[in-house]
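Visitor: Sequence:
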Amino acid sequence: MRRFRGRLVAASVASVVLFLQPVGHAAGSASDPPSHSLRASKGSPAQVKTPKAYSRQVPRHLDSPEGILLKDLKSGRILLENQADRPMAPASLTKIMSAIVVLEEGNLEDQVTVSRRAAAAHRIKLHLKPGQLVSLRGLLQAMLIRSANDACLAAVEHVAGDEESFVARMNAKATTLGLTRTHFQNACGFDMPDHYSTAEDLAALTTYAMGNETFAAIVREPAAVIRTADQRKRFIARTTNRLLGTMDGVVGVKTGYTREAGRCLIAVVTREDKELLLVLLNARQRWGRAQELIELGLQASEESAGATSEESTGATVP
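If you use this note's numbering, the sequence shown closes out at 310, no skipped numbers anywhere.
Hints are not guaranteed to be accurate.
[As the list claims (entries may be wrong)] Derived DSSO-like pairs: lysine-lysine, alpha-carbon spacing no greater than 30 Å straight-line:
1. 266 to 66
2. 66 to 165
3. 225 to 117
4. 165 to 117
5. 121 to 225
Since the hints were derived computationally from the structure, they do not count as laboratory data.
Let the sequences and hints guide you as you build the complete structure.
Guide: Structure representation (structure tokens):
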């Protein structure tokens, strides 16, 4: 699959300023972040941006606690932003970075011995058993398609020896990619005080990841069959992304959920000659909201085709 590359296109169409009404934060509690953490307080006002090239009325009922970035990948234009630069818990969207490190530093043909620690992972899992041999490729499929935490831990332990060392590589990669408001404390996306990213950084990470053909091929699959090396055990990893196969043009990418992060989604859509990227963090209604924003973005992209982009205007939500 070819890489997504933005081409800056300018526009001079009247601006639209969107005012949102705040609602409560997603359920969940977390320790206060350390003083060096970039996370904003939950009571901070939301910064909402809509591009001047955006001539269509934007829905007024978007929740201000949501982190949203909707981008036209062909032009590089941001169609809609809401708190896109605010650090938030990314949940299993974390696994996008984990997958990149696995792909760039591991050998997918390796056979991985599942450790007791990996097999004991909680929440979503493949139900691997200690001592089972599974290919690194199969583990990568399970962590991206099913968001399986046991597969994730087994993969990162194999690549780096232990999770702590692997997370150091994740943070080094984040620095290399210029993700200045991203920091990882674990490889699978569990809530931790200093584990955060932003919609902007996650959009940049996803654009980079989709340039890897193996990554792009895996995240568009609705399911994968994963077998142990001795062929005695078969696992079926079914996607957590309900948009795959139900919404025209969706080609991935990843879901996430924790109590603190809320419902999260990153989606890439290719339809006709349009390519959109949506990052949605802390959503209360993930699937309906995502479809609404994607359709809105496709129409906005069509309406502004050939126009020239200008700087976004902002409105502060009290």
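Visitor: Go through the numbered hints given earlier and state which of them the structure violates, listing their numbers in rising order.
Guide: none
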